[in-house]
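Visitor: Each chain is listed here by its residues.
There are 2 protein chains.
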Amino acid sequence: MELKELQELMLNFISTGNVKELKELLEANYAIDIANALTDFEDDSLLLLFELLDANEIALIMEEAEDDFQRRIVEFIDLKKMVQVFTHMSSDDITDILGIIKVNQRKELLKLMKERDSKDIQMLLGFQQDTAGGIMTTQYIALRRNLCIKDALIKIKNIGPKTEVIESIFVIGINNELVGIADLRDVLISSDDCLLQDIMNENILYVYPDTDQEEVSLIVSKYDLKVLPVVNRKHAILGIITVDDVIDVIVEEHTEDLLMLSGVSKDEKIGSKLSVSIQRRLPWLFINLVTAFLASFTVGLFEDVIVQVVALAAAMPIVAGMGGNAGTQTLSIMIRSIALGEVDIKNDWKYIINEIFLGLINGFATGIITGFIIYLKYDNLFLGIIILVAMIGNLVIASFFGFLIPLLLKRFHLDPAVSSSIFLTTATDVGGFFIFLGMAKMFLPYLV
Amino acid sequence: MELKELQELMLNFISTGNVKELKELLEANYAIDIANALTDFEDDSLLLLFELLDANEIALIMEEAEDDFQRRIVEFIDLKKMVQVFTHMSSDDITDILGIIKVNQRKELLKLMKERDSKDIQMLLGFQQDTAGGIMTTQYIALRRNLCIKDALIKIKNIGPKTEVIESIFVIGINNELVGIADLRDVLISSDDCLLQDIMNENILYVYPDTDQEEVSLIVSKYDLKVLPVVNRKHAILGIITVDDVIDVIVEEHTEDLLMLSGVSKDEKIGSKLSVSIQRRLPWLFINLVTAFLASFTVGLFEDVIVQVVALAAAMPIVAGMGGNAGTQTLSIMIRSIALGEVDIKNDWKYIINEIFLGLINGFATGIITGFIIYLKYDNLFLGIIILVAMIGNLVIASFFGFLIPLLLKRFHLDPAVSSSIFLTTATDVGGFFIFLGMAKMFLPYLV
Numbered sequence: 001m002e003l004k005e006l007q008e009l010m011l012n013f014i015s016t017g018n019v020k021e022l023k024e025l026l027e028a029n030y031a032i033d034i035a036n037a038l039t040d041f042e043d044d045s046l047l048l049l050f051e052l053l054d055a056n057e058i059a060l061i062m063e064e065a066e067d068d069f070q071r072r073i074v075e076f077i078d079l080k081k082m083v084q085v086f087t088h089m090s091s092d093d094i095t096d097i098l099g100i101i102k103v104n105q106r107k108e109l110l111k112l113m114k115e116r117d118s119k120d121i122q123m124l125l126g127f128q129q130d131t132a133g134g135i136m137t138t139q140y141i142a143l144r145r146n147l148c149i150k151d152a153l154i155k156i157k158n159i160g161p162k163t164e165v166i167e168s169i170f171v172i173g174i175n176n177e178l179v180g181i182a183d184l185r186d187v188l189i190s191s192d193d194c195l196l197q198d199i200m201n202e203n204i205l206y207v208y209p210d211t212d213q214e215e216v217s218l219i220v221s222k223y224d225l226k227v228l229p230v231v232n233r234k235h236a237i238l239g240i241i242t243v244d245d246v247i248d249v250i251v252e253e254h255t256e257d258l259l260m261l262s263g264v265s266k267d268e269k270i271g272s273k274l275s276v277s278i279q280r281r282l283p284w285l286f287i288n289l290v291t292a293f294l295a296s297f298t299v300g301l302f303e304d305v306i307v308q309v310v311a312l313a314a315a316m317p318i319v320a321g322m323g324g325n326a327g328t329q330t331l332s333i334m335i336r337s338i339a340l341g342e343v344d345i346k347n348d349w350k351y352i353i354n355e356i357f358l359g360l361i362n363g364f365a366t367g368i369i370t371g372f373i374i375y376l377k378y379d380n381l382f383l384g385i386i387i388l389v390a391m392i393g394n395l396v397i398a399s400f401f402g403f404l405i406p407l408l409l410k411r412f413h414l415d416p417a418v419s420s421s422i423f424l425t426t427a428t429d430v431g432g433f434f435i436f437l438g439m440a441k442m443f444l445p446y447l448v
Numbered sequence: 001m002e003l004k005e006l007q008e009l010m011l012n013f014i015s016t017g018n019v020k021e022l023k024e025l026l027e028a029n030y031a032i033d034i035a036n037a038l039t040d041f042e043d044d045s046l047l048l049l050f051e052l053l054d055a056n057e058i059a060l061i062m063e064e065a066e067d068d069f070q071r072r073i074v075e076f077i078d079l080k081k082m083v084q085v086f087t088h089m090s091s092d093d094i095t096d097i098l099g100i101i102k103v104n105q106r107k108e109l110l111k112l113m114k115e116r117d118s119k120d121i122q123m124l125l126g127f128q129q130d131t132a133g134g135i136m137t138t139q140y141i142a143l144r145r146n147l148c149i150k151d152a153l154i155k156i157k158n159i160g161p162k163t164e165v166i167e168s169i170f171v172i173g174i175n176n177e178l179v180g181i182a183d184l185r186d187v188l189i190s191s192d193d194c195l196l197q198d199i200m201n202e203n204i205l206y207v208y209p210d211t212d213q214e215e216v217s218l219i220v221s222k223y224d225l226k227v228l229p230v231v232n233r234k235h236a237i238l239g240i241i242t243v244d245d246v247i248d249v250i251v252e253e254h255t256e257d258l259l260m261l262s263g264v265s266k267d268e269k270i271g272s273k274l275s276v277s278i279q280r281r282l283p284w285l286f287i288n289l290v291t292a293f294l295a296s297f298t299v300g301l302f303e304d305v306i307v308q309v310v311a312l313a314a315a316m317p318i319v320a321g322m323g324g325n326a327g328t329q330t331l332s333i334m335i336r337s338i339a340l341g342e343v344d345i346k347n348d349w350k351y352i353i354n355e356i357f358l359g360l361i362n363g364f365a366t367g368i369i370t371g372f373i374i375y376l377k378y379d380n381l382f383l384g385i386i387i388l389v390a391m392i393g394n395l396v397i398a399s400f401f402g403f404l405i406p407l408l409l410k411r412f413h414l415d416p417a418v419s420s421s422i423f424l425t426t427a428t429d430v431g432g433f434f435i436f437l438g439m440a441k442m443f444l445p446y447l448v
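Chains as they are written, first to last, in my numbering: chain A, 1 to 448; chain B, 1 to 448.
Take these hints with a grain of salt, some might be off.
Said to hold, decoys possible - Using C-beta positions, here's what the derived DEER-type ranges look like:
hint, chain 1, residue 1, chain 2, residue 2, range
1, A, K155, B, D267, 45 to 51 Å
2, A, K157, B, W349, 50 to 56 Å
3, B, L274, A, D117, 54 to 60 Å
4, A, I356, B, N104, 39 to 45 Å
5, A, L360, B, E42, 32 to 38 Å
6, A, D33, B, E108, 47 to 53 Å
To be verified - In silico DMTMM-like cross-links for lysine to aspartate or glutamate, where the CA-CA straight-line distance does not exceed 25 Å:
hint, chain 1, residue 1, chain 2, residue 2
7, B, K226, B, E342
8, A, K162, B, D304
9, A, K266, B, D248
10, B, K269, B, E108
11, A, K377, B, D248
Hint data in this document are derived by calculation from the structure and do not stem from the laboratory. Just so you know, even glycine gets a beta-carbon here, dropped at the ideal spot from N, CA and C.
Assemble the whole structure, with the sequences as input and the hints as a guide.
Guide: Encoded structure:
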């Protein structure tokens, strides 16, 4: 169903108070599509709608809604009703909502929530949003190791509907420590008096709550996991991370990497407000302006040379530009390899030799063509040779810094995607102009 | 366990024929780690190892191994044993292996495989690798709609161990058409004589085998699915796509987007062979060289002006560079939005107005500073004004092309990530130099 059609139908049912058709409409559509449709509604329509709906229906919509919309709903909904809604939501989603609303609303909601739930939520709120603790949920099935299959199945049937994952049963020991994972398939086919510990897999992967979410996503994708338990230092299970949350993390991190590389904040989208876009993009442009002036001052140092050989002005953008392009190639591969956890600084620094060779060869290949064309155009062999040498030099600079900058940033726990490119451009612009114009100055008598 | 330690232990157990300890070692480690460890082994060690292992153990390793290693194993393993190994693997993994080995080996293997399995595989082999059909598996549970829960549970226990997903039971009608999905939780808690069609959810998402894998990943991540069925035009279920394969797709597509943007092929890694890296990167550099020459020729048109006002040579990289930076910001957001399916050409082209305004404002903000510094440095007000106007102009050009190029490429079914940046750089370089130097030529009397 088209967005507009959905919106019109809903508004119609809301205004006429047609609860039955409204609920059927919700049933027939996906919660995320409903949530998207509702973002355009006025407050009074939403208020009317939420009075007509049950807590579980609102929960489905809330879970899928964007941050802004969630915040808006909490603003005007009765907080007691919100607590009812929470009973139908998983703890990680509740925590996310509590994390973005006003402090007094959060306190009020926590007070209203049941003691036990609130404790879970309080714990989750204590973790950083971008760690394993921040994305885990507390809805899972954990059973004692000495439970027999018959009793286990009864518990699974009981708890199952409230959990996010049913395929994996987490098996715990006497102190709640995680000792294994039982596959529901094995539970279903085992005999009644068999114990969970007999069928569980003890070879399990887990993370701690402060593990970075990027590392979590690497583990889940490397080992093709459907769920990853989070344990504390005493190995007691605290929560689980489900694969749909991992997908969100992967998409988020990738968006960040791609956009940060060109100095755009990850939450900017097409259609963002003009004022927001300016705030997000202008600072990066100012930083780049400093780089541009560094390059410009470098050229300025050689103005006397350029006046005598004006061809240099036309040829110099080639040297700087090609260095930038070659460096960006190296940089992208490095940033991607770092993000995928494929690069280990200790073992892989030696590949800088490869990159430098690559710079030499690619610099020679592109430089020889450039040199030849420049020679033909200006009928000046020395100018051709100088640009060839400058391009080899600048592509080596590009390889060197394209390789090293992200590794160094990573080493100092900075995000390589954020600021690598600005350092690289500075190196290839300043380096390119300096080598090219510097050589021209040295060999000026041969050029004039 | 460290890679080296694992390798040493394995080699030791293989050479001494210590099957028991070897199997325990495999048990205690993850298949992917074992597979990674084995890639360094000599052929004869591998041959010995595979004689010691059972088909199901080899299957686990094969599933996780990289393409090159899979191809190597098929080269020397007895094909009859390989067919046994296949019986422990899921159909999508088998298809992937068959897709990368030699044609005669593939034919031989298909002949050796059982009639039914081979048909599934033949079907899967018929789909493009980057479509829903190419990534789906045929191991799923599909039961008739009029089956009662008691019988359904018996079938689930039977088929379950051979399937990739047990949480979702696909419910089919008389002609194998997919009519709903039943949640295993509901199956477990329903009464014995209840029918599957009474508890199934009819509101299901599905794709066709020729749906692009990128679209599949968007659907799975948008709707937080754990599994997505693939049906033919008559709605009969052909296979399912599991979330771990979707994660692989997402990671692959993101790598492609990030690397393609800077002209690197997605399969290049740190540590790739030098000859491979050159082949992958040099063509892009040559294409960029053409752009660089276009920019250079533009500058060359104004050599007479530069000779008279050499400050232009120092200032012009600022105009071109800032245009490139601003344009890349717009470009990255567009490419990301297109990849996430957030941009719809029909509805969203109007945001080009926003982007142009953004170019005006950011151009003015950076241009006024640049103009002021240039004015101070060269004590020439007109030069300052000209660079201000040129920067506004070039940042508008950057916004315009940064927005339009990826949309147009997408419109003509080309990958926006691949070639957008080269067109953009051409526009901002040539445009920037032309506006700046062109204005300088027009107002030359005021500059000298």
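Visitor: So which of those numbered hints doesn't the model satisfy?
Guide: 8, 10, 11
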